[in-house]
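Protein chains: 2
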Amino acid sequence: MNAPTALSHLAPAIHPRAVPTELIDALKARFATQCSTALVVREQHGRDESSFTVPPPAAVIFAESTQDVADAVTLASAHSVPVIPFGVGSSLEGHLLAVQGGISIDLGRMNRVLSINAEDLTVTVQPGVTRKQLNEAIKSTGLFFPIDPGADATIGGMSATRASGTNAVRYGTMRENVLALEVVTASGEVIRTGTRAKKSSAGYDLTRLFVGSEGTLGVITEVTVRIYPLPEAISAAICSFPTIDAAVQTTIQTIQLGVPIARVELIDANTVRMVNAYARLGLREEHLLLMEFHGSPASVKEQAETVQEIASEHGGHAFEWATTPEERTRLWTARHNAYFAAIQSKPGCRAISTDTCVPISRLADCLLDSVAEADASGLPYFLVGHVGDGNFHFGYLIDPDKPEERETAEGLNHKLVSRALQLEGTCTGEHGVGLHKMDFLVTEAGAGAVDMMRTIKRALDPKNIMNPGKIFTQ
Amino acid sequence: MNAPTALSHLAPAIHPRAVPTELIDALKARFATQCSTALVVREQHGRDESSFTVPPPAAVIFAESTQDVADAVTLASAHSVPVIPFGVGSSLEGHLLAVQGGISIDLGRMNRVLSINAEDLTVTVQPGVTRKQLNEAIKSTGLFFPIDPGADATIGGMSATRASGTNAVRYGTMRENVLALEVVTASGEVIRTGTRAKKSSAGYDLTRLFVGSEGTLGVITEVTVRIYPLPEAISAAICSFPTIDAAVQTTIQTIQLGVPIARVELIDANTVRMVNAYARLGLREEHLLLMEFHGSPASVKEQAETVQEIASEHGGHAFEWATTPEERTRLWTARHNAYFAAIQSKPGCRAISTDTCVPISRLADCLLDSVAEADASGLPYFLVGHVGDGNFHFGYLIDPDKPEERETAEGLNHKLVSRALQLEGTCTGEHGVGLHKMDFLVTEAGAGAVDMMRTIKRALDPKNIMNPGKIFTQ
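So the protein sequences, as listed, match chains A and B.
Position 474 of the first sequence, counting from 1, maps to 504 under my numbering, and the rest follow consecutively.
Position 13 of the second sequence, counting from 1, maps to 43 under my numbering, and the rest follow consecutively.
Mixed in with the good hints there might be a few duds.
Label pairs and their in silico Cβ distance ranges [what the hints assert, rightly or not]:
hint : chain 1 : residue 1 : chain 2 : residue 2 : range
1    : B       : 343       : A       : 356       : 31 to 41 Å
2    : A       : 62        : B       : 481       : 27 to 37 Å
3    : A       : 262       : B       : 343       : 50 to 60 Å
4    : A       : 405       : B       : 493       : 33 to 43 Å
5    : B       : 481       : A       : 314       : 56 to 66 Å
6    : A       : 408       : B       : 493       : 48 to 58 Å
7    : B       : 108       : A       : 62        : 35 to 45 Å
8    : B       : 314       : A       : 452       : 53 to 63 Å
In short, the hints are calculated from the structure, not lab data.
Just so it is clear, CB atoms sit at the ideal spot from N, CA and C, and this is done for glycine as well.
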């Protein structure tokens, strides 16, 4: 495994293509008020949670149906103009930025839950439905959708980035939970991938080709996902540890013993302080593991006892239980607020997020050296992790006006990714490649595999109009 | 959803391409005794468990390394000659048949377990390792590999067909359990897909593109799969039911309640009789559910009690428990012998297997009408099912010399698939498309989606040499 060799992700390559007036006119004729060229609207669709600044798209289409999407893509294709799907704008990796110009298709109005098949544990939604909205819609069925990235992202966006979150250790990621898709292809055709059957060997797995394709192969217009019975019993716990290593070793042993833990999240002491300041949660300011157990009352009790025993052996203490929904919400608020709490701790800052994921046995090796490097750099940072999956995030807080801070942060990430790849891991567990990890992808997958991705892209999108300039250079 | 319109799978299209003497000479020069053109060897590699008869490949290469595979593919590519990967020959759908001529690459000698990472619950093997061999190799670690198609298939072959089996209801299929692959591409290049990290958002999911690609995109030369801790407690049970419907309703309710059952298999009374005759198992000759529960002792007890209660409500009786490994083996032998028991029940017969899979709530609708149709046809058959996944198999036993029996069997399958597709299911849950379900795939996925598969195939294999003529016409 070679070390990544370039830092081209310090600034993305911007090569806007011409967007002819004829196209804008045609879009306005077809979409009337659903098409906006107002600067404020374009700017809102031309940024995300990444730290890059790129000129906005030339127009925004507010799609209300699959036909709207197909028509917008067909028009854009006729002029070889790029198309960028937009959910809520919570990408961390620059997925939404119009680096090659083009138009943004906002899918936020396609936010209907189309069918709930409670007896099959599936639900079909339009792509603009957010994860919280979905859970609200199925609440009365006693079922829930477990995938929970930090933001209240859309199911379409989560499919496009192969998102996961805190429950993935037990319930898997979007990779495991998307059953079927409707997609508008680069030529404006509407296809379906997959069925509602739980498994299938019917040809190439187009569903999983589109899951994680970051809008570069087509626009997702419908998603069927698996949902799960709400566990009979849920119990959450928080446990403090003297060192990060102790928390990590507790996690490793829990997973290796096969405890079906539903969530196990690390928050380092530093981040606990930020969260306390942000939301006055009054948490003990030490390294924490937040855990949740799902199952029957007996099984939850059994799991919790096993983990408590493991934690104690590693010096875990101040075990605090939360069995009521309110107490659980308090604990999980800490985790979900970490990003925003950190951003607020340094006014005007942007976060550069890391997203490495390694085999669980390598987690301590990967994490501890990176903590030492981050501490030595002097940059403020937060550290949270879906440690049960071997995935964690540093968020280095930089002043966007100070290039040297960005350089320091990217240098830390570079070292971290090199380490993760040497440990047989990946540069991105759940955020995607976007603009930010293209060099790392080549190092990780190898030039041959990336060429294969590029070959598929060229075959399915010969005009290179679907979110071009993301995942790999084209 | 339109009904399938053709029965072209009654006989596959055979269009052998020329295999030039220069290629055979070059293969013999490169591979010496690892290359065979003996008729008996070619014939052995020119058939599988499907009911088709096709002329054998022109040569068989016994690959012993990735380099062997790469060299064989490179030579074949230079002459635009097809290449067909061969594991143990247990395909049910004609995957191994040389319908366009070419050479067979036997991967059986690439049967080393390369690394066991017990602490990460992963293992990396060469493609010729069989599932039983793998489990034998990891036995001492307290871990196991759950995917178990009927045959003792190779891990490479199981990856290529996206296989599953009796444990899939709890542990998923090859789709969920393959983490990474090494693949020789159509140009003879060696690439890697994926890492040992449990999750990743690093670019297109090439791993899952190859899983289920049936040898049409490349030759799999290394596979990393997930393995699992052997459950602390295992309990198996058998339960008799007055009707198939009662057994199916018990299954549906078990799944809908979220019981984490590890296995739930249907064997109809007719098949129980065949199995008893084959292996003298002395099972009660009624419709049976075979079940297995994995977990802690308390959780296994709890699950079993829940299911027993559900079964009783549906008239399930003669509940028999098997807690020792020997008793469990006796029960599961019944299931794993079903295919061979059925074949022996009608000397000289071939089985035409169905493989539909539907959402669990549709299982009774799909199954019961098909049983009535099979009974009315007069053809002997067996019926077994991974009913917890909504997947089941009829095996219609035909005399290969009587075309009218084949026609009857294919007619029954045709009706069954039409029904399954109307119920939002798939024509193949785990056997793959091969030669046999190409028409059904078009009906199921739609012409647009199949065209997309074909576009990918053409882009990655421009000479169409990788197992051509399978999955879709080319």
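These are the hints, each one checked on the structure:
1. Against the hinted window of 31 to 41 Å, the Cβ-Cβ separation of residue 343 (chain B) and residue 356 (chain A) comes to about 37 Å, which satisfies the hint.
2. The hinted range of 27 to 37 Å is satisfied by residue 62 (chain A) and residue 481 (chain B), whose Cβ atoms lie roughly 33 Å apart.
3. As the Cβ distance of residue 262 (chain A) to residue 343 (chain B) is approximately 19 Å, the hint placing it in 50 to 60 Å is violated.
4. Distance hint check for residue 405 (chain A) and residue 493 (chain B): the Cβ-Cβ separation is about 55 Å, which falls outside the suggested range of 33 to 43 Å.
5. For residue 481 (chain B) paired with residue 314 (chain A), a C-beta distance near 59 Å keeps the hint of 56 to 66 Å intact.
6. Hint check: residue 408 (chain A) to residue 493 (chain B), Cβ distance near 57 Å, so the stated range 48 to 58 Å holds.
7. Residue 108 (chain B) and residue 62 (chain A) have their C-beta atoms about 58 Å apart, which leaves the hinted 35 to 45 Å range violated.
8. Under the hint 53 to 63 Å, the C-beta atoms of residue 314 (chain B) and residue 452 (chain A), about 58 Å apart, fit the expected range.
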